[in-house]
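Participant: Read off the chains here:
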Amino acid sequence: MRHRLKTMTRQAGKPLDALEYTGDAPAVATTIATMVYGPQGVAMTGTDSGETLPSLPVKDGEKMWIDVAGLHQPEAIRRVGGLFGVHPLILEDVVQVGQRPKLEDMEDYLFLVTKAWQYDPQAKTLGESQISFVLGRQALATFREGDVPAFDAVRARIAAGRGRVRGMGADYLLYALLDAVVDEHFVCLEKVGEDIEDLGDKLLANPEPADLEVIHKLKRETIYLRKSIWPLREVISRLAERESELLSPQTRLYYRDLYEHVIQVMDTVEGLLDIVGGMVDIYLSTISFRLNAIMKVLTLISTLFMPMTFVAGVYGMNFEFMPELKWPLGYPMAIGIMLCMSGGLFGLFKWKKWI
Amino acid sequence: MRHRLKTMTRQAGKPLDALEYTGDAPAVATTIATMVYGPQGVAMTGTDSGETLPSLPVKDGEKMWIDVAGLHQPEAIRRVGGLFGVHPLILEDVVQVGQRPKLEDMEDYLFLVTKAWQYDPQAKTLGESQISFVLGRQALATFREGDVPAFDAVRARIAAGRGRVRGMGADYLLYALLDAVVDEHFVCLEKVGEDIEDLGDKLLANPEPADLEVIHKLKRETIYLRKSIWPLREVISRLAERESELLSPQTRLYYRDLYEHVIQVMDTVEGLLDIVGGMVDIYLSTISFRLNAIMKVLTLISTLFMPMTFVAGVYGMNFEFMPELKWPLGYPMAIGIMLCMSGGLFGLFKWKKWI
Amino acid sequence: MRHRLKTMTRQAGKPLDALEYTGDAPAVATTIATMVYGPQGVAMTGTDSGETLPSLPVKDGEKMWIDVAGLHQPEAIRRVGGLFGVHPLILEDVVQVGQRPKLEDMEDYLFLVTKAWQYDPQAKTLGESQISFVLGRQALATFREGDVPAFDAVRARIAAGRGRVRGMGADYLLYALLDAVVDEHFVCLEKVGEDIEDLGDKLLANPEPADLEVIHKLKRETIYLRKSIWPLREVISRLAERESELLSPQTRLYYRDLYEHVIQVMDTVEGLLDIVGGMVDIYLSTISFRLNAIMKVLTLISTLFMPMTFVAGVYGMNFEFMPELKWPLGYPMAIGIMLCMSGGLFGLFKWKKWI
Amino acid sequence: MRHRLKTMTRQAGKPLDALEYTGDAPAVATTIATMVYGPQGVAMTGTDSGETLPSLPVKDGEKMWIDVAGLHQPEAIRRVGGLFGVHPLILEDVVQVGQRPKLEDMEDYLFLVTKAWQYDPQAKTLGESQISFVLGRQALATFREGDVPAFDAVRARIAAGRGRVRGMGADYLLYALLDAVVDEHFVCLEKVGEDIEDLGDKLLANPEPADLEVIHKLKRETIYLRKSIWPLREVISRLAERESELLSPQTRLYYRDLYEHVIQVMDTVEGLLDIVGGMVDIYLSTISFRLNAIMKVLTLISTLFMPMTFVAGVYGMNFEFMPELKWPLGYPMAIGIMLCMSGGLFGLFKWKKWI
Amino acid sequence: MRHRLKTMTRQAGKPLDALEYTGDAPAVATTIATMVYGPQGVAMTGTDSGETLPSLPVKDGEKMWIDVAGLHQPEAIRRVGGLFGVHPLILEDVVQVGQRPKLEDMEDYLFLVTKAWQYDPQAKTLGESQISFVLGRQALATFREGDVPAFDAVRARIAAGRGRVRGMGADYLLYALLDAVVDEHFVCLEKVGEDIEDLGDKLLANPEPADLEVIHKLKRETIYLRKSIWPLREVISRLAERESELLSPQTRLYYRDLYEHVIQVMDTVEGLLDIVGGMVDIYLSTISFRLNAIMKVLTLISTLFMPMTFVAGVYGMNFEFMPELKWPLGYPMAIGIMLCMSGGLFGLFKWKKWI
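Residue numbers (the working numbering), protein chains in the order written: chain A, 12 to 366; chain B, 12 to 366; chain C, 12 to 366; chain D, 12 to 366; chain E, 12 to 366.
Just so you know, the hints here were simulated from the structure itself, not pulled from any lab data.
There may be inaccurate statements among the hints.
The list makes no distinction among identical chains, and a pair is therefore deemed to hold if it is satisfied within one copy or across any two copies.
What the hints assert, rightly or not - Straight-line C-alpha distance at most 30 angstroms; calculated DSS-like pairs for lysine-lysine: (1) Lys-70 to Lys-363; (2) Lys-113 to Lys-135; (3) Lys-361 to Lys-307; (4) Lys-202 to Lys-361; (5) Lys-126 to Lys-364; (6) Lys-307 to Lys-363; (7) Lys-213 to Lys-202; (8) Lys-202 to Lys-363; (9) Lys-363 to Lys-228; (10) Lys-364 to Lys-228; (11) Lys-213 to Lys-363; (12) Lys-337 to Lys-113; (13) Lys-228 to Lys-337; (14) Lys-337 to Lys-202.
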């Protein structure tokens, strides 16, 4: 939260028409990987910084994918944006990484921005990086802050000619990439779910006030996830419904399927939220239960020793006329009385299930 | 939850056009039972694996039901799907069993997917298996992971010629099967309700922190049920409203009736959710109440013995000039004082209802 | 809840086209009371079981009310239904008493089902029985499980010619009956409100864990009431808005008025729900408060006796050189020290308002 | 709540066409004050009971306001209602005072009913009385249960010719009266807010279980206020949007402004609700905090006296061979040991911040 | 809350057509700064009180910004309002500062009112001041209660010719000002977030009942922020959608971007609300945890000293026949027994993790 607020604040001071990256990714050289493919074959251009971009439109039946990684070099982003005729304000959204998932239909091109998730097993946190898509006629440009493993799998599939992607249009490529990004969500959520389960075990074994802060942090993070999925759902729904020349009717069914996946991600996130929400109860209840256990010990000790100490006190009195003190069996008798009283009380409470 | 996440994750890695079953049901041979029926009679074909499927359309006035059980053999599913001209992506939904209930109107056929519930009395859990329906012209195909007892009852009714099903179209058969599946929900919910009531009794008698986890698990499961019913409600509502050649106006009223049943299932699930939600309160309150009971015991013991021990201590002092010590009746007097003090205090607290 | 689930389950096993009553009312003979009335006069037929039903339509300017009490005889219900041409599925809704309030516009007739409430002062519970209405042209049929006192009042008013009902159509009769049923809700809710208030007093005086279960039961019952009113609101709203030949424009204002009443019933139910919801807090807080009171007693006793017992212990030591033991006033001095210590501590805590 | 339920129940028994007042205001003679005004001048008629009502319509450019106070005389209300041609059912709404705010557009006239609030400083409660408005062509009739101070201010303004009201139509008069009624809400809410703040101070100083009931009562009252404002918002919104001959376009902006005021009343009520809602937490937490304070005292006393009493017990043992007992400095040594042990423990706990 | 209620109440008494400032800003002279700018250049007029206002419309291609600071002089506000032909009621909204953000489209001009936020680091509270905008053809008037730093930045940018603002219309100027105001929200929220974090640390270290009041105050303030952002979202959304001659199609994309920013402000506020909401749990849990810690100390002391004191009591009894008293090693033996008992119990509880 704090971190995200800082990003917003940094952005607030910016002049309106700069194209400056506002995220936290380390400043590396921007690389641009171009791929021209069709049913027949694939041509991949080595990564450069955009000086030798191919021109549009591509040959009939061919599709182009321009993949821009690293958002620190405004001129590279402007050059790729220029190829599709992208509005300067849209390009600002590409580099200002606090965007919520959204879809802008600009007639000549569709602009779509969403988040990819990465799970960091060390810090046990979920990181996110922004991905922007510009879908033109038979061409797709993607902009990302850093590595997105989901992209590599799709690239490999195109190169190998597996699946339907080579035979269909750029809108199907957009679907395939989005589908890979959404599937990555499931993998991340499974890991988060394991962390949550571990925390649950810890809570039952040894609850501490600091855990409550961890729970609330987890809860907020999960709420944040839900909030960031919600507009994605909207975006995919609009892709599935929209009448646009850029989206062929054949891909509509695929987007509908993707929509179902996003709904499932949301359901999963809400399931996690329910679990996390219940943890506060478990935490408080475990603390209460321990208090009860301690109180029982205290009661047990008092039950055992208070009557016995009392009897000892009685026979410690200095009255001259206490006949028991003279009895030869007075001492064992006193001990006997003590044991009887304590044992009786103990039995009574045991029987009443108070102890 | 964990289980379902795993299913999702397994699915995530799949190539897009495989037709591989993602569920947990044991791999048995797929069986296909075909039933051709009309007002006059019924012809049932023994279960094979689909090599000798009848062709469509059937004779006028006759209806065909193709019931596929077991989703491990892609070729059988493809063959039945081919009969209705089902899109490959739809067939993927048949075998990927994490689907939410949904309805796709593909003009030539309707595709509907939902869940059947089974209650496992040993594990006291509710299992679910996916059922897909493809409604064509005078023909219905059903795909299921394993046994669905609700189906057998409908099959027996057709065979015996009871009820309206022989005289009406394939859309009525779809209704009859959905109705049987929905009715099964009530049976399952009644059993879940009994388990919940048992847990409630246990909570009042002997609450433990682990119970709280059970409650939260129950709550999440019930929320999951509610979530899986919600889209079914939507699906049935659309069947009742939809203008389609495949749905005759006569069956509309039946679907409207079915819709009411689904609403009642939802109301029941929400009722259970209310009960489960209140259990956390009961749990915490029982713990509190026990703490109170124990504190009362402790207070009682202190009230009884502290004053008496004090008096004993006084007469155990070694002062030379303590006249009471010389009195012949000093000892019984001291005992009398003790009893009076404790008795008085005890009476006072009793009267104030503190004990 | 359990009871209602059972009703559902019983229904689940039924063949689809039986006309069997699924409720709990004792099986008595069905009675059919027919009333033909107009501005001029009233003709009432003694209750029979429907063999000699009058035929429809009635004479111009006259209206007919057929009131069927007891739902155990399918043939009587079928006969009355036949008079209005009611669809078999609708008749099933008449005898399957788990229906939510609903309105079906079947062009030739309107079908409306709702619940009448009865308060049972012994069991302190609210019972409900299902009432179905079939509104035809100048005729109304009502079906009910048993006695509905609200109906008798309307019948008496028609017989006596009081009010507007004789001069208006059958749609006004429907309004008058619904209005009487809704007004009965207020009477029931007032009694439930008194029970809730009694429980509130009991909670403050002597809270027990079992009370919490009572509260949660009350809460669920109240939620159930709200849920059963909600669709009635919808039904009345549709009657007030609907364009239908069966509903004259003059009665619309009456239905709008009735709608306001239903809203008020809902507001009342929600008010009760707020009270019941707050009771958990009151319960838990009273328990806490009592714990505090007990802890104060314990503290008081410890404060009084621990210092005194300590002083007694000091002068019970057996050192040879303890000058105080030889003093003639040593004993009263020791008692004085004891009183001072306890009194001082007691005063201090009193002053700090800890006790 | 109880009170309001009673009102409903009383109403339930009534025949449908009586015109009997159902509220609690004392039965005083109904007074009717008529005011005819225009840009040039004002004519006010002394209050009578309606025998000499002026006829409608008034002269061109003039407006009439008929203000009926006291609803116990049906004939007076019928006479005024007759002037505007008001439907009998609408007149029933005027005298049955449990109405929610609503607007009925009857073409020839608008009927509007709402509540005026009065704060009773003694009982610290908010009372409400029902006001009905009938807006005809250049004429407005108002019906109220008793005194409404907000009305007097508007009357004085018309008499003095201040503000815009003399120059505009009867619809503006309706606005001016509603605006005065809504402004009164703010005054009442400020006083309720002060009471709530006082209760908050009391809770921190001296919480008792009975306070919790007060909080819940306050909460329910505030929820009731919110519920009674909600439909008013709807009513004003419809006045601002509605196309009607009775509402001139010039007043629309005024109604829009009034709408904003109602929204602000709602926001204020919701703000109060948040405060009241938080009070349960404060109450429970103060109780907990006090328990903690008492436990600390108990721990302190135990810490101080248990070790010392133990040492005294040791030197009270009667062993023959206890060398310390013979030491000349044995007694002061024992006292020293006691002080060291208690002081040390006390210091330790102080250092650990447990006490 | 109290403060805002007072503002409302003050307003309530006002005559309807006064133009009196209702806010709390100190009464300073109203200053009017006029700026006429275009792509070529800028002309700024020194601040006066409006006697020498330029006339409208301005030259083609030029835009005028009239910035009114201080709302205490009605005549100045009327003069500027007159320039745009603003309705008197709208001008009242300018000076009555309790407005919620809203947009009125009056055909000839758009009226927009919103809030600017300022963070006061001393009082650690968020203040707000009202800003009104009147957008006419190529001209914009702004009215504000006091200093708004966000405005100065835009003014400087126009003067320096940086950014797009000189080349675009008055609607873009409105956007630039709103954008600066919204960006200021992020800066304020970051500071509020820091305060909240500080409070969280304090809660874990040293929770007090008064903190709970602080938490609830913070919660209410945050809820208030959310409520005041909500209508702003609506306003900006309408600006982005609206067909109006005053808004050029080029600026629509900018308003859409601004809309996203407002959504992010809302998300941030809701995130803060989640944190604050969780604080009650943390507070209550820390109190509970401390109670547990104290109870453990008490149990520890009882465990250690009760058995030892009992043994001492036994050997303090005065029986004549107690052989141990005569043993030479009786005393060390007794001490040994004491240590064993206490040590054993202590070890047992340690092993059971009760202490």
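Participant: Hint by hint, note whether the structure agrees.
Facilitator: Hint by hint, here is what the structure shows:
In this assembly of identical chains, Lys-70 and Lys-363 lie within 30 angstroms of each other by CA distance neither inside one copy nor across copies; the values are 88 angstroms within and 77 angstroms between. For the homomeric pair Lys-113 and Lys-135, the shortest alpha-carbon distance inside one copy (28 angstroms) is at most 30 angstroms, but the shortest distance between copies (35 angstroms) is not. For the identical chains of this complex, Lys-361 and Lys-307 are neighbours both inside a copy (11 angstroms) and across copies (15 angstroms), given an alpha-carbon limit of 30 angstroms. In this assembly of identical chains, the alpha carbons of Lys-202 and Lys-361 never lie at most 30 angstroms apart, being 46 angstroms within a copy and 36 angstroms across copies at closest.
For the identical chains of this complex, Lys-126 and Lys-364 are neighbours neither inside a copy (57 angstroms) nor across copies (46 angstroms), given an alpha-carbon limit of 30 angstroms. For the identical chains of this complex, Lys-307 and Lys-363 are neighbours both inside a copy (13 angstroms) and across copies (13 angstroms), given an alpha-carbon limit of 30 angstroms. Taking identical chains as interchangeable, the C-alpha atoms of Lys-213 and Lys-202 lie at most 30 angstroms apart only when both belong to the same chain, with a minimum of 17 angstroms there against 33 angstroms between chains. For the homomeric pair Lys-202 and Lys-363, neither the shortest alpha-carbon distance inside one copy (47 angstroms) nor that between copies (33 angstroms) is at most 30 angstroms.
In this assembly of identical chains, the alpha carbons of Lys-363 and Lys-228 lie at most 30 angstroms apart only when taken from different copies (28 angstroms versus 43 angstroms within one copy). For a Cα distance limit of 30 angstroms, the shortest separation of Lys-364 from Lys-228 across copies, 27 angstroms, qualifies, whereas the shortest one inside one copy, 40 angstroms, does not. For a Cα distance limit of 30 angstroms, the shortest separation of Lys-213 from Lys-363 across copies, 17 angstroms, qualifies, whereas the shortest one inside one copy, 32 angstroms, does not. Taking the shortest alpha-carbon separations for Lys-337 and Lys-113, neither the intra-copy value of 97 angstroms nor the inter-copy value of 92 angstroms comes in at or below 30 angstroms.
When the C-alpha separation of Lys-228 and Lys-337 is checked against a cutoff of 30 angstroms, the pair qualifies neither within a copy, at 72 angstroms, nor between copies, at 66 angstroms. In this assembly of identical chains, Lys-337 and Lys-202 lie within 30 angstroms of each other by CA distance neither inside one copy nor across copies; the values are 77 angstroms within and 72 angstroms between.
The structure does not agree with the numbered hints 1, 4, 5, 8, 12, 13, 14 stated previously, though it agrees with the rest.
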